[in-house]
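Whenever a hint applies, use it, and build me the whole structure from the sequences.
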Amino acid sequence: MITQATAQPVVEEGYECTFDRPESLKDKQFHYCPGCSHGIYHRLIAEMVDEFGLLDRTVGICPVGCSVFAYRYFEFDMIEASHGRAPAVATGVKRNRPDLFVFTYQGDGDLAAIGTAEIIHAAARGERMTVFFVNNGIFGMTGGQMAPTSLPGQKTTTSPAGRDVGRTGQPLKICELLSTLDGVAYLARVPLTSPKNINVARRYMRNAIRAQLDDVGFALVEALTACPVQWGMTPVKAVQYIDSTVVNMFPPGEIVNRLPAKKD
Amino acid sequence: MQGKRQLIKGNEALGLGAIAGGCDCFFGYPITPQNEVPELLSWAMPRWNRVFLQAESEVSSINMIYGAASAGMRAMTSSSSPGISLMMEGLSYIAGAELPCLVVNVMRGGPGLGSITPSQGDYFQACKGGGHGDYHNLVFAPWNVQEMFSFPAMAFDFADKYRNPAMILADGVLGQMMEPAIIPEDFPPIEKPAKPWATNGRNGRNCQNVINSLVIDPYELNDHCKKIQAKYKQAAKECKWDTRYVEDADVLVVAYGIAARLALSGCKLARKKGVKAGLFRPITLFPYPSEPLRDVAKGKARILVVELSSGQMVEDVRLAMNGALPVEFYGEMGGVLPSPSEVRDKIIEVLG
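Taken in sequence, the protein lines are chains A and B. So the first sequence is numbered by our numbering: it starts at 22 and just counts up by one. So the second sequence is numbered by our numbering: it starts at 85 and just counts up by one.
Do not rely on the hints blindly, as some may be mistaken.
Okay, derived cross-link-like pairs now, DMTMM-like style, lysine to aspartate or glutamate, Cα gap no bigger than 25 Å in a straight line [to be verified]: (1) A:Lys47 / B:Glu304; (2) B:Lys352 / B:Glu433; (3) A:Lys47 / B:Asp301; (4) B:Lys279 / A:Glu37; (5) A:Lys217 / A:Asp203; (6) B:Lys311 / B:Asp218; (7) A:Lys49 / B:Glu304.
Across the chosen pairs, the derived CB separations fall in these ranges [claimed, not checked]: (8) B:Pro277 / A:Gly35: 46 to 56 Å; (9) A:Val32 / B:Glu322: 19 to 29 Å; (10) B:Lys88 / A:Glu197: 48 to 58 Å; (11) A:Arg224 / B:Lys88: 51 to 61 Å; (12) B:Lys311 / A:Gln50: 42 to 52 Å; (13) B:Pro277 / A:Arg224: 40 to 50 Å; (14) A:Thr266 / B:Gly196: 43 to 53 Å; (15) A:Thr189 / B:Phe208: 34 to 44 Å; (16) B:Lys311 / A:Asp77: 23 to 33 Å; (17) A:Asn220 / B:Phe208: 26 to 36 Å; (18) B:His216 / A:Val186: 29 to 39 Å; (19) A:Val32 / B:His216: 42 to 52 Å; (20) A:Gly183 / B:His216: 45 to 55 Å.
Derived list of chain A stretches under chain B, where covered just means 3 residues or more per stretch with a C-beta under 8 Å from a C-beta of chain B [unchecked claim]: (21) 90–98; (22) 105–113; (23) 152–165.
Derived from the structure by calculation, the hints contain no laboratory data. These figures come from a predicted structure and were not determined experimentally. The beta carbon of each residue, even a glycine, is placed where N, CA and C say it ideally should be.
See below:
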């Protein structure tokens with residue numbers, strides 16, 4: 022039986038709470054499938070908003086895809102964009118209100134397929150926005166169709182014999198593509214597969230937020246994430262598959278870092 | 085209105101009218117015949133401390149509008165027919181999320197790439213929804229350069245009041261022609277309604293604001309749609325229209341925008357031939373001034389609808405009249421403007 026977490030953690034006398042839900046994250050059960058990485062990424066964003074003290078001046082833009090309901094899980098203001106247009110929506114907010122912290126949360130169908138024009142031009146303009154890109158190589162919500170990021174040979178519902186790159190081309194590497202643009206301040210890719218990698222993700226996300234707050238330019242963090250249900254794998258197998266296979270197509274690391282060196 | 089009488093192009097008057105109407109930001113993409121709007125706003129918006137940005141497409145423009153309107157700003161874009169078609173998904177989202185904004189369509193000939201010459205072929209798209217789902221724009225039709233200047237402020241007020249997209253439906257003639265208009269020399273900030281629903285950072289607010297058109301529960305979506313439809317009923321009480329020479333008229337000519345200018349000239353020429361003709365000009369195309377039209381049409385012999393289309397608004401006239409009077413139609417397409425004498429001849433012909 023699944024039970025809802027209690028609003029106030031009960032801490033017995035003599036103990037202290039060392040790990041809790043971030044203030045920016047609602048006390049609500051995620052609707053995501055078992056083994057899905059969205060929950061981890063959501064939590065990391067909420068942690069960051071707390072850490073930077075941004076709860077009162079954050080506007081998040083959620084996409085169309087599995088995370089279409091992301092606005093249900095955060096405490097700050099959120100806008101639900103149409104499929105692929107989150108960078109344009111974020112531009113509309115940020116150009117009027119440069120004092121706000123504006124981020125988009127976009128999957129690979131949203132960002133790398135239908136929204137390719139919007140993400141490239143937002144990056145080229147150096148929009149002061151932070152993009153949290155979720156790459157699981159598949160259209161999850163619609164039932165597991167091929168994405169521009171699906172790996173060669175990957176079986177999906179629209180490539181049942183495996184992705185034939187002779188007909189469909191090779192996967193789109195968004196970070197490498199955007200790295201040619203001068204408006205970009207920060208680009209990094211990280212698999213959300215282990216506590217160690219999640220700590221790396223925290224560091225990258227911190228940098229991507231600083232790029233906006235310090236007025237340096239456009240920033241994007243690409244998370245390599247698992248979709249066990251549409252991949253037809255157990256959650257553990259899915260995470261292993263990212264570390265053994267997906268990273269070969271999408272190498273993790275910082276791709277662009279134009280942040281000024283820390284003075285401390 | 086305080087200001088200087090000057091000779092000015094319709095598109096430029098419209099740009100200045102937007103600034104006068106408290107437009108906070110403009111996002112747009114070039115397309116003929118509306119290019120003077122972004123060209124003027126590219127320098128004028130920063131001068132009055134507003135935001136101007138040229139987008140990479142009309143799809144992007146309308147979504148920048150969606151974001152800006154979500155943040156509580158008075159946001160505007162302008163385009164022409166093919167560009168407006170690209171905005172339809174975004175407009176549907178804006179209506180669904182109950183956001184106010186202003187979209188200007190300086191219509192050109194279609195379908196397809198069509199031409200860059202004036203047309204009224206986008207009436208259905210503007211007034212009947214255009215995008216997917218049950219929604220309407222609030223549509224305003226200017227007929228001279230002075231109204232190109234004054235309508236943006238009115239349209240913004242309507243949009244804010246009803247939290248619904250407003251559209252100014254002009255055409256290539258109104259955009260390109262020059263005529264005298266009174267334009268103020270400065271545009272001080274104006275008072276605008278508070279928008280406590282805006283997603284512009286909590287800033288002390290004790291709850292989250294969400295802008296959204298996703299209502300997954302069918303019963304909730306049904307209720308949401310009914311609420312939107314109720315706004316249109318309310319807005320219908322504020323529909324606007326204008327009349328000329330209607331008191332003694334036997335033929336009532338119904339036309340909007342530049343076609344109404346031609347129709348008025350036709351009415352005057354008909355009167356010189358002894359045929360009493362008058363003009364009914366809808367100013368709001370949605371909500372349509374059906375009741376005022378029925379009132380004005382009482383006792384007339386015929387209605388003649390004149391449009392630069394194959395006959396689109398004529399359907400709303402027939403719905404309003406519901407068979408009470410014969411409704412005839414005269415229209416040209418592709419940028420062809422009927423001459424006043426052609427309208428006069430048609431008036432005389434329909435009277436029989």
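Hint check:
1. Pair hint Lys47 of chain A plus Glu304 of chain B holds up; C-alpha atoms about 23 Å apart against a cutoff of 25 Å.
2. Among the hinted pairs, Lys352 of chain B with Glu433 of chain B is consistent with the structure: their alpha-carbon atoms are about 15 Å apart, no more than 25 Å.
3. The hinted pair formed by Lys47 of chain A and Asp301 of chain B meets the criterion: a straight-line CA distance of about 21 Å does not exceed 25 Å.
4. Taking the CA atoms of Lys279 of chain B and Glu37 of chain A, the gap is about 42 Å. The hint is violated against a cut of 25 Å.
5. Under the criterion of a C-alpha separation no larger than 25 Å, the hint pairing Lys217 of chain A with Asp203 of chain A is inconsistent with the structure, at around 31 Å.
6. The hinted pair formed by Lys311 of chain B and Asp218 of chain B meets the criterion: a straight-line CA distance of about 11 Å does not exceed 25 Å.
7. Distance hint between Lys49 of chain A and Glu304 of chain B is fulfilled; the C-alpha atoms sit about 21 Å from each other, no more than 25 Å.
8. Judged by the Cβ atoms, the range 46 to 56 Å given for Pro277 of chain B and Gly35 of chain A holds: they are separated by roughly 55 Å.
9. The supplied range of 19 to 29 Å is broken by Val32 of chain A and Glu322 of chain B, whose beta-carbon atoms lie about 58 Å from each other.
10. Remark: the range hint 48 to 58 Å for Lys88 of chain B to Glu197 of chain A is upheld by a beta-carbon distance near 56 Å.
11. The given range of 51 to 61 Å is respected by Arg224 of chain A and Lys88 of chain B, whose C-beta atoms sit roughly 60 Å from each other.
12. Between Lys311 of chain B and Gln50 of chain A the C-beta distance comes to about 29 Å, which lies outside the given range of 42 to 52 Å.
13. Between Pro277 of chain B and Arg224 of chain A the C-beta distance comes to about 44 Å, which sits within the given range of 40 to 50 Å.
14. At roughly 46 Å, the beta-carbon separation of Thr266 of chain A and Gly196 of chain B lies within the given 43 to 53 Å, and the hint holds.
15. Our hint of 34 to 44 Å for Thr189 of chain A and Phe208 of chain B holds, since their Cβ atoms are close to 38 Å apart.
16. Between Lys311 of chain B and Asp77 of chain A the beta carbon distance is about 30 Å. The supplied range of 23 to 33 Å therefore holds.
17. With their beta carbons about 57 Å apart, Asn220 of chain A and Phe208 of chain B fall outside the hinted range of 26 to 36 Å.
18. For His216 of chain B paired with Val186 of chain A, a C-beta distance near 34 Å keeps the hint of 29 to 39 Å intact.
19. One distance hint, 42 to 52 Å for the beta-carbon pair Val32 of chain A and His216 of chain B, holds here, with the actual separation near 51 Å.
20. For the pair Gly183 of chain A and His216 of chain B, the beta carbons lie near 35 Å from each other, so the given range of 45 to 55 Å is not met.
21. Residue count for the region 90–98 of chain A with a Cβ under 8 Å from a Cβ of chain B: 6. That meets the three needed, and the coverage hint holds.
22. Here's how the region 105–113 of chain A fares: 6 of its residues keep a CB closer than 8 Å to some CB of chain B, so the rule of at least three is met and the hint holds.
23. Restraint check on the region 152–165 of chain A versus chain B: 0 residues with Cβ-Cβ distances below 8 Å, three needed, restraint violated.
Of the numbered hints listed earlier, those contradicted by the structure are 4, 5, 9, 12, 17, 20 and 23.
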